[in-house]
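K.L.:
Based on these hints, arrange chains B, C and D on the given structure of chain A.
Number of protein chains: 4
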Amino acid sequence: MRRIALISTGGTIEKTYDALRGVLENTVSVLDVMLGSLELRGVAIDRVRLMNKDSLEMSAEDHTRIAETVGNVSQARDGVVVVHGTDRLAVSGERCVELLGTPRVPVVFTGAMRPYELRSTDALQNLTEALLAVQLLAPGVYVAMHNTVLAFPGVTKDPALGTFVKRG
Amino acid sequence: MRRIALISTGGTIEKTYDALRGVLENTVSVLDVMLGSLELRGVAIDRVRLMNKDSLEMSAEDHTRIAETVGNVSQARDGVVVVHGTDRLAVSGERCVELLGTPRVPVVFTGAMRPYELRSTDALQNLTEALLAVQLLAPGVYVAMHNTVLAFPGVTKDPALGTFVKRG
Amino acid sequence: MRRIALISTGGTIEKTYDALRGVLENTVSVLDVMLGSLELRGVAIDRVRLMNKDSLEMSAEDHTRIAETVGNVSQARDGVVVVHGTDRLAVSGERCVELLGTPRVPVVFTGAMRPYELRSTDALQNLTEALLAVQLLAPGVYVAMHNTVLAFPGVTKDPALGTFVKRG
Amino acid sequence: MRRIALISTGGTIEKTYDALRGVLENTVSVLDVMLGSLELRGVAIDRVRLMNKDSLEMSAEDHTRIAETVGNVSQARDGVVVVHGTDRLAVSGERCVELLGTPRVPVVFTGAMRPYELRSTDALQNLTEALLAVQLLAPGVYVAMHNTVLAFPGVTKDPALGTFVKRG
Numbered sequence: 001m002r003r004i005a006l007i008s009t010g011g012t013i014e015k016t017y018d019a020l021r022g023v024l025e026n027t028v029s030v031l032d033v034m035l036g037s038l039e040l041r042g043v044a045i046d047r048v049r050l051m052n053k054d055s056l057e058m059s060a061e062d063h064t065r066i067a068e069t070v071g072n073v074s075q076a077r078d079g080v081v082v083v084h085g086t087d088r089l090a091v092s093g094e095r096c097v098e099l100l101g102t103p104r105v106p107v108v109f110t111g112a113m114r115p116y117e118l119r120s121t122d123a124l125q126n127l128t129e130a131l132l133a134v135q136l137l138a139p140g141v142y143v144a145m146h147n148t149v150l151a152f153p154g155v156t157k158d159p160a161l162g163t164f165v166k167r168g
Numbered sequence: 001m002r003r004i005a006l007i008s009t010g011g012t013i014e015k016t017y018d019a020l021r022g023v024l025e026n027t028v029s030v031l032d033v034m035l036g037s038l039e040l041r042g043v044a045i046d047r048v049r050l051m052n053k054d055s056l057e058m059s060a061e062d063h064t065r066i067a068e069t070v071g072n073v074s075q076a077r078d079g080v081v082v083v084h085g086t087d088r089l090a091v092s093g094e095r096c097v098e099l100l101g102t103p104r105v106p107v108v109f110t111g112a113m114r115p116y117e118l119r120s121t122d123a124l125q126n127l128t129e130a131l132l133a134v135q136l137l138a139p140g141v142y143v144a145m146h147n148t149v150l151a152f153p154g155v156t157k158d159p160a161l162g163t164f165v166k167r168g
Numbered sequence: 001m002r003r004i005a006l007i008s009t010g011g012t013i014e015k016t017y018d019a020l021r022g023v024l025e026n027t028v029s030v031l032d033v034m035l036g037s038l039e040l041r042g043v044a045i046d047r048v049r050l051m052n053k054d055s056l057e058m059s060a061e062d063h064t065r066i067a068e069t070v071g072n073v074s075q076a077r078d079g080v081v082v083v084h085g086t087d088r089l090a091v092s093g094e095r096c097v098e099l100l101g102t103p104r105v106p107v108v109f110t111g112a113m114r115p116y117e118l119r120s121t122d123a124l125q126n127l128t129e130a131l132l133a134v135q136l137l138a139p140g141v142y143v144a145m146h147n148t149v150l151a152f153p154g155v156t157k158d159p160a161l162g163t164f165v166k167r168g
Numbered sequence: 001m002r003r004i005a006l007i008s009t010g011g012t013i014e015k016t017y018d019a020l021r022g023v024l025e026n027t028v029s030v031l032d033v034m035l036g037s038l039e040l041r042g043v044a045i046d047r048v049r050l051m052n053k054d055s056l057e058m059s060a061e062d063h064t065r066i067a068e069t070v071g072n073v074s075q076a077r078d079g080v081v082v083v084h085g086t087d088r089l090a091v092s093g094e095r096c097v098e099l100l101g102t103p104r105v106p107v108v109f110t111g112a113m114r115p116y117e118l119r120s121t122d123a124l125q126n127l128t129e130a131l132l133a134v135q136l137l138a139p140g141v142y143v144a145m146h147n148t149v150l151a152f153p154g155v156t157k158d159p160a161l162g163t164f165v166k167r168g
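Protein chains in written order, with our numbering: chain A, 1 to 168; chain B, 1 to 168; chain C, 1 to 168; chain D, 1 to 168.
Be aware that a few hints might be false.
Just so you know, same-sequence chains aren't split out, so a pair can sit in one copy or run between any two.
What the hints assert, rightly or not - Taking lysine to aspartate or glutamate and the EDC-like style, the derived pairs with C-alpha atoms no more than 20 Å apart in a straight line are:
| # | residue 1 | residue 2 |
| --- | --- | --- |
| 1 | K166 | E98 |
| 2 | K157 | E68 |
| 3 | K157 | E39 |
| 4 | K157 | D18 |
| 5 | K53 | D87 |
| 6 | K166 | D62 |
| 7 | K166 | E39 |
| 8 | K157 | E94 |
| 9 | K166 | E94 |
| 10 | K157 | D87 |
Note that these hints are calculated values from the structure, not bench results.
Pulled out of the complex, with its shape left as it was, chain A reads as follows (with noise of 0.2 Å):
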């Protein structure tokens, strides 16, 4: 059975409901609540609850300790999982190859444009795709997202897409 660790950092994936303020925020993490509607076989996950932030708000403190938390925990598992914000996505994604060049196992980062809590949403695709790819993938850092797999270095949000790409 392959372990799998699953870092959650907050961002639009993770974001709840207050109905009496009415707005979106990142209180509580939703993620186990999206792993209990998969059916996932042959896998342990490790669940690394890091911080719930929207990414705009992450400093350069927090995306160091993102990458820091990677290369640890990487140590005894056979790939990693970062749930993460998609506006700073890529500058955690930048910052782990930095920090751990090429890393001993997968690293594949992901996030959504719709929160889960919405009836129409990418969070549960996108969880998928990074839970499955991380088994497929050679140890590197990558984001997966919307049926694509990019690896990093050289990626970056297409902010009018809402989606990454390859810089070109």
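P.N.:
This is chains B, C and D only, laid out in the frame that chain A set:
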């Protein structure tokens, strides 16, 4: 076949998510999608798209316009349902009683604490209740929501409970 | 606070899917899951788990037992809702009228054409309607479904339409 | 842009509910609805509607026809996904290996234990996995389902687990 007028004014129930900006807002009406997901037999629904506002942004003129529209459409219908933001729903309800007294047909306001776009929402429940209550009640002005029907005047939103109560 | 008895007898509305055998069947009750997804204020619901049958398999004794149970639980409640398979729902409704005449509180039958377990279902709509109608109607025996309330006796299922109509 | 052929053959994943007869059956394809709910960037999908059968009803000719179609469509594509009933999926997979050896592109079978039409289903997860795996794997014949990818020959369905395993 009964003819029901369905007046939409906006509110949380109709908010949709802008994925690029990351906010819930009143831009398009999702009432037709909601209606399409219900089985409505023996009733003809006339949609009246009056406005699409967060009710916190409604002016005194807006409340009066809603009450006047209720009065107008009630002339040739068997009932009127009004979809409205909950924050100022009671203001429009009281305005209806001031302007119309007891209308010639039942008038039922409804709304939601959680948008229809959310996976977990009270929007369909409340719309279902309003569309049934308008067929069973005597002429008057009401709010139907959360399995409760209350008659105006004297109704207020309890912001802590997130529902409507009779003023003590 | 109003006290409502909710009698479950099975039917399509409660069918669940056995993935290994590939069939929809009445084995466990999903009514509590449905109730958990609704916002029910000001009402206390007492669950009465009477049977869990496809109504095509109900005997004359089953229909009588349902009517007798309705009579018993109506003594200490403000209303009774009965969840029932649609194929023989009208038999139980007529049996209630035969045994109870006009009961002391409203008795509302409901069911569904598509199980709650389906992505697209009329189960929540019909349950919502029954739980509201039982608070608004005069004492009597009714079916509430598809935005329509009909009073027994004289109600029948139209198998081609998949809904209930008054017998001509 | 990668070109993927998506061959549909039926199976539980595509079953829809006939409300009047109360049964789940293979009559219309819901694959297009599933595809419409996913965000698929950088891939062009060619739909090949081959048959719509419960795989328990497939004949030896059906399995051969599926394998031959896989061989044909793989000529001008970067990958092939086959949606198939799980009961006989392994028969079609083995037939592909017999007829095609190692095909020139990856061929990924998938299916579901619970139809897409159910509120709780593995259909979208499995389709998402197949559409990603076909882009990451080396040429060969595989099944992707429940977060696991297995290579033919030597794959079998474990009927008690409701998933696929390598034959020991």
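K.L.:
Have a look at K166 and E94 and pick one of within, between, both or neither, based on CA distance no larger than 20 Å.
P.N.:
For K166 and E94, the Cα distance is within 20 Å only inside one copy (13 Å; across copies 38 Å).
K.L.:
Since the copies are identical, ignore which copy is meant and state whether K166 and D62 lie within 20 Å (CA to CA) inside a copy, between copies, both or neither.
P.N.:
Answer is neither; intra-copy 24 Å and inter-copy 42 Å both fail.
K.L.:
Within, between, both or neither: how does the pair K157, E39 come out at a Cα-Cα threshold of 20 Å?
P.N.:
Cα proximity of K157 and E39: across copies only (15 Å, versus 30 Å in one copy).
K.L.:
Within, between, both or neither: how does the pair K166, E98 come out at a Cα-Cα threshold of 20 Å?
P.N.:
Within one copy only: 18 Å inside a chain, 39 Å across chains, cut-off 20 Å.
K.L.:
Given identical chains, is K157 near D18, meaning Cα to Cα at most 20 Å, within a copy, between copies, both, or neither?
P.N.:
between (28 Å within a copy, 17 Å between copies)
K.L.:
How would you label the pair K157, E68 (within, between, both, or neither) given a Cα cut-off of 20 Å?
P.N.:
neither (22 Å within a copy, 41 Å between copies)
K.L.:
Under a CA distance limit of 20 Å, which applies to K166 and E39: within one copy, between copies, both, or neither?
P.N.:
Answer is between: at 18 Å across copies they meet the 20 Å cutoff, but 31 Å inside does not.
K.L.:
Given identical chains, is K53 near D87, meaning Cα to Cα at most 20 Å, within a copy, between copies, both, or neither?
P.N.:
Within one copy only: 11 Å inside a chain, 29 Å across chains, cut-off 20 Å.
K.L.:
How do K157 and E94 come out at 20 Å by Cα distance, when the copy is not named: within, between, both, or neither?
P.N.:
Within one copy only: 12 Å inside, 41 Å across.
K.L.:
Tell me, please, which holds for K157 and D87 at an alpha-carbon limit of 20 Å: within, between, both or neither?
P.N.:
Classified as within: same-chain Cα gap 7 Å, cross-chain 37 Å, threshold 20 Å.
The structure shown violates the earlier hints numbered 2 and 6.
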